[in-house]
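In order, the protein sequences belong to chains E and P.
For the first sequence, position 26 (counting from the first letter as 1) is numbered 26 according to this note's numbering, and the numbering increases by one without interruption.
Plus 1000 on top of the position in the second sequence (first one is 1) and you've got this note's numbering.
Treat the hints with care, since some could be wrong.
Subject to a maximum C-alpha distance of 27 Å in a straight line, what follows is the list of computed DSS-like cross-link-like pairs (lysine-lysine) [as the list claims (entries may be wrong)]: (1) P:Lys1068 with P:Lys1105; (2) P:Lys1071 with P:Lys1005; (3) P:Lys1068 with P:Lys1005; (4) P:Lys1100 with E:Lys70; (5) E:Lys57 with P:Lys1005; (6) P:Lys1100 with P:Lys1037; (7) P:Lys1037 with E:Lys57; (8) P:Lys1054 with P:Lys1005; (9) P:Lys1056 with P:Lys1105; (10) P:Lys1100 with E:Lys53; (11) P:Lys1100 with E:Lys57; (12) P:Lys1068 with P:Lys1037; (13) E:Lys57 with P:Lys1105; (14) P:Lys1037 with P:Lys1054; (15) P:Lys1105 with E:Lys11; (16) E:Lys11 with P:Lys1037.
Honestly, the hints are just simulated from the structure, not real lab data.
Since the model is a prediction, treat every value here as computed from it, not as a measurement.
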Amino acid sequence: DAGITQSPRHKVTETGTPVTLRCHQTENHRYMYWYRQDPGHGLRLIHYSYGVKDTDKGEVSDGYSVSRSKTEDFLLTLESATSSQTSVYFCAISQGQIGNTIYFGEGSWLTVV
Amino acid sequence: DQQVKQNSPSLSVQEGRISILNCDYTNSMFDYFLWYKKYPAEGPTFLISISSIKDKNEDGRFTVFLNKSAKHLSLHIVPSQPGDSAVYFCAASVTGANSKLTFGKGITLSVRP
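Could you put the whole structure together from the sequences, leaning on the hints where they help?
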């Protein structure tokens, strides 16, 4: 296990409501990422963090925000959920070294109705 | 523009035979490549990687080949086992780019007993 915990693991929410997904790591890795997986699209990067309070956008960041106030926690927020954000969300971590591998959490299944 | 392409969505092979999963990329800056395996309802798990300074890397039944001139890599699984049935994602990164990975859409491998 890579020491990554995602919560909640499953959530159903209504369109227009805010949703926050949490990623917690026990590895003290510098980098943390949020990906989403959708049929026909593979895994796409939403946002990532390269340190406390240091974040940047990925390729599908619209409608999402993130925060990292501690090394171990990376939060993904959907300010106003839409049906297009129904997806499986994966948190990942890495040490950020050359040739480094990233390790994934078990996923959070989000359904927006 | 998709920078990592897995053009075949699925592959079916007989147990004991070789599975060959292909991946192409367009970004010549990519210098580190990885394969991930994903079972349903689980997070992706790291399988094997290769640096652009090599053309082959082997780990047990898994071998990854890299052809830089063709911008092509392949994963060979020999012999294939029913437990290998999963979705396989090819990923690529640029050293120094915050270890961000760009993923292909994945290929579903089915190994028939």
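Please list, smallest to largest, the hint numbers that this structure does not respect.
none
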